[in-house]
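S.K.: Given next are the chains, with one letter for each unit.
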Amino acid sequence: MRILIIEDEPDLLRSLTMALRDEGYAVDTAANGEDGLFSAESIAYDVILLDVMLPKLDGWGVLQRLRKTRKTPVLMLTARDTSRDRVRGLDTGADDYLVKPFDLPELLARLRALIRRTSGQTTTRIEIGEVALDTAARSVTRAGALVELTAREYGLLEYLMLHRGQVVTRTALYEHLFDEDDSTLSNLLDVHVSNMRKKLGHDFITTRRGHGYCIEG
Amino acid sequence: MIFRSIRWRLQLWHGFILLAVLVGFGFTAYRLQYANELHRVDQELQQRLGPVLEGLRRPLPGERGGPGGPGGPEGPRGGPNGAGGPRRPGDPRPIDGAPDDRGRRGPPPREAGGGFPAPREFRLGPNRAGLFEGEINPFYYVVWLRDGSELSRSASAASDVSRPDFIRRPVPTVRMRGTTRELYQFTPPGECILVGRSIGPELASLRRLALVLSALGCIVLVLGLAGGWWLATRAIRPIGDISAAAATIAGGNLSHRINTENTDDELGELAAVLNSTFARLEGAFARQQQFTADASHELRTPIAVILSQTQATLARERNPLEYRETLEACQRAAQRMRRLTESLLALARLDAGQESLKRERIDLSQTVRESLELLRPLAEDRHIRIHSELATTECLGDSERLAQVISNLLSNAILHNTSDGEVRVVTRSENDSALLVVADKGPGIPAEDLPRIFERFYRADKSRTGATGGTGLGLAICKAIVAAHGGSIDVSCPVSGGTIFTVRLPSGVR
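Chain order of the listed sequences is A and B.
For the first sequence, our numbering gives the first residue as 115, with consecutive numbering after it.
For the second sequence, our numbering gives the first residue as 1055, with consecutive numbering after it.
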């Protein structure tokens, strides 16, 4: 899952980035509205964390322009807590609204909920065959036994399972699993996929040559 | 309770005045009519007094009648033989005119009584008889002799008509007896003649008039009261509107206004004045709300930093460098909160007027020099040159607070400058004020932000970047301090670029 944080307060940006990377998200950052809008328009993020008070272009402006081209889920962050501000945020097209100061666990839970809702899931648990994935606990079990996965492998599996039954292109996988700082080697994906096949069964992930990967639901 | 209502008081006064006018008018009209009626009756009586007086004459020898029959009507009837005689010129018996004199010099009375003048004969002139006759004729007469005995009376005279008390003057006198009006006159010899009539019909018609007047008065009063009520209601209605609007505003709806349509009168002016007051109240309230929202926003941001930093870092084991970074971020946030709370407290004290300012004679240029010394490292760091033109400038004030203003303006000028730019600072006396000018060659302030630059938490740069470490309150504090000194602070951005802050303080030199 790839997330964009648009936040001008450097210390807050740093801690958010740290927390989200710890959670296995690929994180991009922008320190002002214009840069943030540019990134948000060019890459299909899974979620955008958007501050309201921003230099150059404020959060409302970013949201308004972004909604013309993309439906990316947006969670707004602001220190303004009047209900008028919240209503305005949600009406402008924000999917959720969190008032500063916030608790990181709550922010992470809201992000997971946003991602889940976008892919049509209603619970944190996705089961396909004998493989079960819990997005809250970030754990995967096969026939009841815990499967050890690296963060990258978990991210790949989560993305494929959330898009079960669909063919996910390699480009989409690269876009959603790696951030700007990652050096993306072209065969990295194949390595991850073959590792997961060893752990979850050879037929769990099918390869559509020339298209991408797929987990049959 | 009811008398506290303006409408009721208006109505009461209005009704009272109207009633007084109506009563006065009605009473006067009634009295006039009454006097008129009496006057008319008196004239009628006067007209009849003359003929009765004429009828009183000395009886001539050979003449009969008159005295023998005390009933007056016989007199006229008994004397047709002498009809027309008395007034004919050349008549040998001059009766009319001055019968009294004749009576005295004439032959002695026929029936003399103990030294009294002889009783006269009374005969009403023949063509005057109609004056007291007829079914509906209300007039009557009575004639008494000097001794009080009755000489003659008309048939219509009531039996209880008594002789009035003697008065010497021989002029007609009026008296009222019950509902009868009587006119009497004493002749010089002492006879008394009296004519009268009942004025019952007149009194009845006067009563009717009084009734009509009262009824009309009541109708006018009711109409007047109704009209007054309507007028008062109309006049009061805007007051009701005003009070309703004020109640709505007091209830919390600050954006409500009094409807001032169709009211160009005094109440309309009042409503306009109140509306502008309400608008200012609403503005002050909105500014206060904005200030609270801004202050909470400014305090929440560093708290958010500390919370997220610590929570993210504590989520798992970190290396010492990461811990260090987290602690540094928390320190920055804490310092930011300290600056903010200090600024807020300073402003609150200045607002409350608790900040007791010292009023000493100080040299402004000296204070500027001290501030410059403190800020020199910052300026050198940013390669800013400082040009100072510091003439000795006396003013009355608190050097510590003024130093705060000066260092605030100077650090703003240094921080919002082009690199390798310059800052010019000038102090001089001008007229009765001490002048401090701080000018920079920075990018300046957009024209639309200039008027609001001294507002609390207002930033020309809409984001609250912590880069400059400002709280957004610096200029507001400067303005509050200068205002507490009785001075003024202005900002301008010349077309040539840069920003110029000008502070004027009272020099205290008279």
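Among these hints, one or two may not hold up.
Stated by the list, open to error - If you want the ones that stay clear, here's a sample from chain A, every Cβ over 12 Å from chain B, calculated: (1) Glu-123; (2) Arg-128; (3) Thr-192; (4) Ala-193; (5) Phe-216; (6) Arg-231; (7) Asp-248; (8) Glu-267; (9) Arg-278; (10) Gly-279.
Said to hold, decoys possible - Here are some of the chain A residues that sit facing chain B, going by a computed Cβ distance under 8 Å: (11) Asp-125; (12) Leu-126; (13) Ser-129; (14) Gln-235; (15) Asp-296.
Hints are computed from structural coordinates only; laboratory data are not their basis.
Computed from a predicted model, the values in this text were never measured in an experiment.
By construction, the Cβ of each residue, glycine as well, lies at the ideal position given by its N, Cα and C atoms.
S.K.: It remains to establish, for every hint, whether it holds in the given structure.
M.R.: Going down the list of hints, with the structure as the test:
Some Cβ of chain B comes within 12 Å of the Cβ of Glu-123/A; the nearest lies about 6 Å off, and the non-interface call is violated. For Arg-128/A, the requirement that its beta carbon stay farther than 12 Å from each beta carbon of chain B is not met, with the minimum near 7 Å. At roughly 8 Å from the closest C-beta of chain B, the C-beta of Thr-192/A falls inside 12 Å, breaking its exclusion from the interface. Against the 12 Å criterion, Ala-193/A falls within the reach of chain B, whose nearest CB is about 4 Å from its own CB.
A Cβ of chain B approaches the Cβ of Phe-216/A within 12 Å, the least distance being about 7 Å, so the stated non-interface status is violated. Distance to chain B confirms Arg-231/A as a non-interface residue, since its nearest Cβ pair spans about 24 Å, more than 12 Å. No beta-carbon of chain B comes within 12 Å of the beta-carbon of Asp-248/A; the shortest separation is about 18 Å. Annotated as non-interface, Glu-267/A keeps its C-beta farther than 12 Å from every C-beta of chain B; the closest such distance is 19 Å.
For Arg-278/A, the requirement that its beta carbon stay farther than 12 Å from each beta carbon of chain B is met, with the minimum near 30 Å. Non-interface call for Gly-279/A relative to chain B: holds, since the shortest CB-CB distance, roughly 34 Å, exceeds 12 Å. Given the 8 Å rule on beta carbons, the hint for Asp-125/A holds: about 4 Å separates it from the nearest Cβ of chain B. Below 8 Å, beta-carbon pairs count as interface contacts, and Leu-126/A has one with chain B at about 5 Å; its hint therefore holds.
Because the beta carbon of Ser-129/A sits about 4 Å from the nearest beta carbon in chain B, less than 8 Å, this interface hint is met. Interface hint status for Gln-235/A: violated, as the beta-carbon distance to the closest one in chain B is roughly 25 Å, over 8 Å. For Asp-296/A, the interface hint is violated, since its Cβ never comes within 8 Å of a Cβ in chain B; the closest pair sits about 20 Å apart.
When held up to the earlier numbered hints, the structure conflicts with 1, 2, 3, 4, 5, 14 and 15 and fits the remainder.
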